[in-house]
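Engineer: Dock chain X with the ligand against chain Y, hints included.
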Amino acid sequence: MTAKTLFDKIWEAHLVTEVKEGPCVLYIDRHLIHEVTSPQAFAGLEKRGLGVFRPRKIFATADHNVPTKDQHLPIREELSRNQVAKLTENCQYHGISLFGLNHPYHGIVHVIGPELGITQPGMTIVCGDSHTSTHGAFGCLAFGIGTSEVEMVLATQCIMQQRPKTMRITIDGKLNKGVTSKDIILYIISQLSASGGTGYFVEYTGSTIRDLSMEARMTICNMSIEMGARGGLIAPDEITYDYLKDREFAPGGKDFEKALEFWKSLKTDSEANFDRRHFFNAEEIEPMITYGTNPGMGIRVNGRIPLLKHIPEENKESFSNALKYMGLKPGMKMKGKKIDYVFVGSCTNGRIEDLRLFADYVKGRKKAGDVTVWIVPGSKRVENQARKEGLYEILEQAGFDLRQPGCSACLAMNEDKVPAGKYAVSTSNRNFEGRQGPGARTFLASPLMAAAASITGVITAPGDLL
Amino acid sequence: MVKEKFTTLVSTCIPLRIDNIDTDQIIPARFLKATSREGYGNNLFRDWRFSSENVLNRDFVLNNPDFKGRILVVGKNFGCGSSREHAAWAIFDYGFRVVVSSFFADIFKNNALNIGLLPVQVSPSFLTKIFNQIAEDHKIQLKIELNAQEIMILKTGERESFEINQYKKNCLLNGFDDIDYLLNIKEKIIEFENRKQYIWLK
Ligand code: SF4
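Top line first, the protein sequences correspond to chains Y and X. All letters in the first sequence, in the order written, are residues 1 to 466 by my numbering. All letters in the second sequence, in the order written, are residues 1 to 202 by my numbering.
FYI, nobody ran anything at the bench for these hints, they're computed from the structure. Do not rely on the hints blindly, as some may be mistaken.
Computed beta-carbon distance windows for the label pairs [claimed, not checked]: (1) X/Gln149 to Y/His103: 45 to 55 Å; (2) Y/Leu79 to X/Ile190: 34 to 44 Å; (3) X/Asn194 to Y/Tyr325: 27 to 37 Å; (4) Y/Asp70 to X/Phe60: 34 to 44 Å; (5) X/Gln149 to Y/Ser213: 43 to 53 Å; (6) X/Lys188 to Y/Lys258: 25 to 35 Å; (7) X/Gln141 to Y/Asn321: 24 to 34 Å; (8) Y/Glu248 to X/Asn194: 20 to 30 Å; (9) X/Glu150 to Y/Glu12: 31 to 41 Å; (10) Y/Arg276 to X/Phe60: 36 to 46 Å; (11) X/Tyr198 to Y/Asn321: 45 to 55 Å; (12) Y/Leu79 to X/Phe60: 20 to 30 Å; (13) X/Arg49 to Y/Lys338: 28 to 38 Å.
Cβ coordinates follow ideal geometry from the N, Cα and C atoms, glycine included.
Bound conformation, chain Y alone:
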């Protein structure tokens, strides 16, 4: 038998058939849907006179376009209200589980999937959202799809995909103080570039990864897409099994034992071949921040924006355009740059551990007067847990604005928009032009750096206040 990667094993186990000189037909175990990318897919089904093939494998939530205040009231904006109503109607009609606003399971699709045990090792998982790669932290094949593909999976529980190439990224060693998994992934993307992973499915390995919690692993897999990769995954281990035990939708009792046996078989064979390999040393990673308009434009917070002469010829133009948009200059220091907003949330860093990190850092301090800080939990459960642990009291005392769950300023579809020209330190995943609102300028960073910046009002290395 030839040695195989974990990716190969899961892919092959889901292969229904292969089209001659064409894509593979893959069976999908879990399909997650939300209000923005599903309505046209349901409409397409209807047009073809089809029903949903396997409604029990689908889970729905309303997250992208919902308000993060007064969620008990009807949604004020008409278009958003319609979108959410349409989702509810489609789910009811087709018998799909929906965890909508005010449901105890409500939250961002990539936060609730893992939290409820819907996400499990060895599965194939898709969702009409590119950060579906988050779920790969459990050792499954999870990737984002477009609406035609959503329709495809609704109709047949299958998807047609070209087999991607495989890449292994190994990170070994102990992390420096103040360095989080967000810094690891921002560092990797800064090294490989925003398109460095295109065409690949990444497996993350190494001692640094194995030492991370499930939530920290999710942050890494989440941003795999920001280097263009189709997805990222991490082989399951004791930390994964412990996390899944007793979750609502995870196998229970005897089934858990059986599942465990299967999950333990999910690893890359030692002789297996990857199309590409990269190695990083944890010690070389420092707290990171982005200065430009794609997530690959990141530097250590103590560093300076590169000089034009150090930028490869073919990237000079986009580098200059990015700095112009950001109102920054080559060679500038990032530290000390005045900021206006801080956003803590999203499927990258909106989990309970992120809120704990943030709250622990700001405890006993006060928010800088002229900075607006939005703290948006990734799910209802995260919100409740944060309350239970007294985090909300700490945060309220420090003067922060605590919201209700949703994608919020990560993509600024609802009213949580950073105004034009303003600077925001954000724990989310994209710093594209206009991503957080028309004209908004985003610095991506970890929850720790977000905490430091909300206290000083300027970009600050987390270690400087400790």
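Structural biologist: Below, chain X with the ligand without anything else, positioned relative to chain Y:
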């Protein structure tokens, strides 16, 4: 849903010589609130066409009446970012049928092919040639022949072949899509389901 068959297209082009154009540029998230597939063309490249005060940006190429055509020519790594198919819809809805670049983001490429918008990937040097030709004379035309998998600058006769998956090519040439294909093999899918071992995966 593939809307129309694609065989050959001859057209002038609209050049957008920018790398890493992401899906938030193609169609900003705040315009994704509709529940239908149509009408997104109005907001294609919205934040480049209009300033934040909603003033028309005359410098932007889509607002320049000299440039017309059904082919969009863009810099490398086009369509990176979100999986939103709305990005491909917006380009299609605006009237484009082909996007030419030296590199496409994965999901965008899939999405485009799924709706009948043809992504043509050319070499970086051929892309530069096209941009330079358009700069000299914005009336020049490109000819794209899907069957021959060839792109040609009509004026100079320079040509290059491009890759496309044979299955996808057939879909475009015949105007059918993946769902048609999958519905045809439904029995195989059910057979596959019955073979699955683990109940929690069933
Ligand atoms: S939080 Fe942001 S990245 Fe995550 S699902 Fe929502 S919009 Fe997408």
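Engineer: Determine for every hint whether it applies to the structure shown.
Structural biologist: Okay, the hints, checked on the actual structure:
For the pair X/Gln149 and Y/His103, the beta carbons lie near 50 Å from each other, so the given range of 45 to 55 Å is met. The hinted range of 34 to 44 Å is satisfied by Y/Leu79 and X/Ile190, whose Cβ atoms lie roughly 39 Å apart. For the pair X/Asn194 and Y/Tyr325, the supplied restraint of 27 to 37 Å is violated, since their beta-carbon distance comes to about 54 Å. For the hinted restraint 34 to 44 Å between Y/Asp70 and X/Phe60, the CB-CB distance of approximately 38 Å keeps it satisfied.
For the pair X/Gln149 and Y/Ser213, the supplied restraint of 43 to 53 Å holds, since their beta-carbon distance comes to about 49 Å. For X/Lys188 and Y/Lys258, the hinted distance range of 25 to 35 Å is satisfied, since their beta carbons lie about 27 Å from each other. Distance hint check for X/Gln141 and Y/Asn321: the Cβ-Cβ separation is about 29 Å, which falls inside the suggested range of 24 to 34 Å. Range check, Y/Glu248 to X/Asn194: Cβ separation about 27 Å, and the 20 to 30 Å hint holds.
As the Cβ distance of X/Glu150 to Y/Glu12 is approximately 35 Å, the hint placing it in 31 to 41 Å holds. The beta-carbon spacing between Y/Arg276 and X/Phe60, approximately 38 Å, falls within the hinted interval of 36 to 46 Å. In this structure the hint that X/Tyr198 and Y/Asn321 lie 45 to 55 Å apart at CB holds, the actual value being about 50 Å. A hinted range of 20 to 30 Å holds for the C-beta pair Y/Leu79 and X/Phe60, which are about 26 Å apart.
The supplied range of 28 to 38 Å is met by X/Arg49 and Y/Lys338, whose beta-carbon atoms lie about 31 Å from each other.
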